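Trainee: These are the residues of each chain, in order.
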Amino acid sequence: MESTLKNYKDKLPIKLLDEIRENTPKGVSSSRVKKIADAVLEEFSSSQVEPGESVGIVSAESLGEPGTQMTLNTFHFAGVAEMNVTMGLPRIIEILDGRKKIATPMMEIYLKSPYNKGKDIKKIAESIKESELKEFIIEVDINIAEINIDVKLNTAKLKEAGIKDQEIIKVVEKLSKNCTAKINDSSLLIKLKGKDQNINELYKIKEKIKSIYISGIKGVSQVLPVRREDEFIIITAGTNLKDILELEFVDDKKTVSNDIYEIESVLGIEAARQAMINEIFKVIETQGLNIDIRHIMLVSDVICNLGKIKGITRYGIVSEKPSVLARASFETPIRHLINASMIGEVDELNSVIENVMLNQPIPVGTGIMKLYSK
Amino acid sequence: MAKRKAKNYNHHTLVPKHEKLSEKQKNDLLKEFKCNLGELPKLLATDAAIMDMNPKVDDVFKIHRFSRTEGISVFYRVVVDE
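Protein chains in written order, with the numbering used here: chain V, 109 to 482; chain P, 268 to 349.
None of these hints come from the bench; they were simulated from the model. The model shown is predicted, which means the values in this text are computed figures rather than measured ones. Any given hint could turn out to be false.
Unchecked claim - Quick list of in silico lysine to any residue cross-link-like pairs, SDA-like style, CA-CA up to 20 Å:
#: 1; chain 1: V; residue 1: K117; chain 2: P; residue 2: F300
#: 2; chain 1: V; residue 1: K220; chain 2: P; residue 2: N277
#: 3; chain 1: V; residue 1: K390; chain 2: P; residue 2: D325
#: 4; chain 1: V; residue 1: K123; chain 2: P; residue 2: L296
#: 5; chain 1: V; residue 1: K123; chain 2: P; residue 2: Y276
#: 6; chain 1: V; residue 1: K416; chain 2: P; residue 2: K329
#: 7; chain 1: V; residue 1: K117; chain 2: P; residue 2: T336
#: 8; chain 1: P; residue 1: K309; chain 2: V; residue 2: I420
#: 9; chain 1: V; residue 1: K117; chain 2: P; residue 2: D295
#: 10; chain 1: V; residue 1: K416; chain 2: P; residue 2: D325
#: 11; chain 1: V; residue 1: K362; chain 2: P; residue 2: P308
#: 12; chain 1: V; residue 1: K361; chain 2: P; residue 2: D319
#: 13; chain 1: V; residue 1: K418; chain 2: P; residue 2: L311
#: 14; chain 1: P; residue 1: K309; chain 2: V; residue 2: M477
#: 15; chain 1: V; residue 1: K361; chain 2: P; residue 2: H278
#: 16; chain 1: V; residue 1: K429; chain 2: P; residue 2: K284
#: 17; chain 1: P; residue 1: K284; chain 2: V; residue 2: K390
#: 18; chain 1: P; residue 1: K301; chain 2: V; residue 2: M477
#: 19; chain 1: V; residue 1: K416; chain 2: P; residue 2: T313
#: 20; chain 1: V; residue 1: K361; chain 2: P; residue 2: N275
#: 21; chain 1: P; residue 1: K309; chain 2: V; residue 2: K361
#: 22; chain 1: V; residue 1: K119; chain 2: P; residue 2: H278
#: 23; chain 1: V; residue 1: K361; chain 2: P; residue 2: Y276
Claimed, not checked - If you only want the chain P side, here are some residues facing chain V, beta carbon under 10 Å, derived:
#: 24; residue: H279
#: 25; residue: C302
#: 26; residue: L311
#: 27; residue: F333
Unchecked claim - Computed far set for chain V versus chain P, every beta-carbon distance over 10 Å:
#: 28; residue: K143
#: 29; residue: E275
#: 30; residue: K301
#: 31; residue: L414
Don't be surprised by glycine CBs; every beta carbon is placed ideally from N, CA and C.
Bound conformation, chain V alone (with noise of 0.2 Å):
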């Protein structure tokens, strides 16, 4: 069976090859496989599409209707209140326009092997998170006749998060360049250096004391640990894929953002597209639709063609069209008429939309035919 199916290889895509694998019984005589094999191909290319078919009409189509009947706009997290993601058609819209900043940047984090069995995952999700200063201060005082600033901490919280006394000295000390910080117990002193103290420094102090980012991943505003299955994962609200894969303990085959654009830079266009229809994807399951996932690679082949995310606006993937009267058909057409005008620009007239202005048989179907003379 084997030696006749090798024929097939290049014909035929290696998903169907196995399913005629797996249903063919034992010990059929090559011949017969053959007669399979050629009945396969033979409903294989009479079911592709036709040169000439209109298959972006007909995606625009599908993803369309079925998009009017969509509902729920977000999802909640079950436990963490600010934890909620955009879900339904807005969130189809910012991955099809190609937005920068997205609504709700968050990412799914996979643990390698000891740290996925769910011990010690509180404490690692809380040492991903991004913490400020703020969080382990209990009060803060400023002493006007000392001119110093006096800081409560909660060393309970800091022993949690383990971080050390001296790494709170660095960032402060880092804040102004004539302080000193020390550290008693539990409050922080910070102190002028030198002979002029001014209280105005001492209150800029205050006030920045508060923000200054202290351990975790910059962006990760929020943390949850989730069983998904037989190992736990860590969801968070906020991105930074590029740091997060470089931890040691972080599963780096599948980590995913649903950033599209931090995707691409960090992992390249061709992973880009394939996340784009993986949330697309996603929208429409959990919608209860059924929309045939070619659809949605043809739209992500299309935004992601040139090397880099092309959005469909009218600064993005329409912007690239080489004829001025498809582009002044999309989006301010008097903008682009006249600028086209200025520089002289020529319309060749080869596709759809400029031939439909003009009442002209159009490039699609038996309409992309043309007769050459040798």
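Since the structure of chain V is provided, determine the placement of chain P on it from the hints.
Mentor: Frame of chain V; chain P shown alone:
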């Protein structure tokens, strides 16, 4: 938190296998598809997935995509800068 040294994520499940075509393979491909290099989909020379393959402008990469419908589908991209 200990950090990893290698910064190559080509083994990530989202990243398909990228394969650089030789000059002969490239010409065969263009003949087969009856097209020129400019008509192929583009891939930036700075793309993260091909960073350590020493890409030059006009190189063609064969990409073995994972596909839900086909199993593995083959795609080609030509390297451009910006």
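Trainee: Evaluate each hint against the coordinates.
Mentor: Consistency of the hints with the structure:
1. V:K117 <-> P:F300: 19 Å, holds
2. V:K220 <-> P:N277: 17 Å, holds
3. V:K390 <-> P:D325: Violated, at about 36 Å.
4. V:K123 <-> P:L296: Given pair K123 (chain V), L296 (chain P) is violated - Cα atoms ~24 Å apart, limit 20 Å.
5. V:K123 <-> P:Y276: This hinted pair is violated, its Cα atoms lying about 27 Å apart.
6. V:K416 <-> P:K329: This hinted pair holds, its Cα atoms lying about 17 Å apart.
7. V:K117 <-> P:T336: 16 Å, holds
8. P:K309 <-> V:I420: 17 Å, holds
9. V:K117 <-> P:D295: Measuring from Cα to Cα gives roughly 19 Å; hence the hint holds.
10. V:K416 <-> P:D325: 17 Å, holds
11. V:K362 <-> P:P308: Violated, at about 27 Å.
12. V:K361 <-> P:D319: 18 Å, holds
13. V:K418 <-> P:L311: Holds. K418 (chain V) to L311 (chain P) sits at ~13 Å (cutoff 20 Å).
14. P:K309 <-> V:M477: 27 Å, violated
15. V:K361 <-> P:H278: 6 Å, holds
16. V:K429 <-> P:K284: With Cα atoms ~30 Å apart, K429 (chain V) and K284 (chain P) exceed 20 Å; violated.
17. P:K284 <-> V:K390: 24 Å, violated
18. P:K301 <-> V:M477: Measuring from Cα to Cα gives roughly 17 Å; hence the hint holds.
19. V:K416 <-> P:T313: 11 Å, holds
20. V:K361 <-> P:N275: 11 Å, holds
21. P:K309 <-> V:K361: 25 Å, violated
22. V:K119 <-> P:H278: 28 Å, violated
23. V:K361 <-> P:Y276: Holds: K361 (chain V) and Y276 (chain P) sit about 8 Å apart, inside 20 Å.
24. H279: Where the cut-off is 10 Å and the nearest Cβ of chain V is about 6 Å from H279 (chain P), the hint holds.
25. C302: Constraint on C302 (chain P) not satisfied, violated at 14 Å.
26. L311: 4 Å, holds
27. F333: 7 Å, holds
28. K143: 23 Å, holds
29. E275: At about 13 Å from chain P, E275 (chain V) clears the 10 Å cut-off, so the statement holds.
30. K301: 33 Å, holds
31. L414: 5 Å, violated
The structure shown violates the earlier hints numbered 3, 4, 5, 11, 14, 16, 17, 21, 22, 25 and 31.
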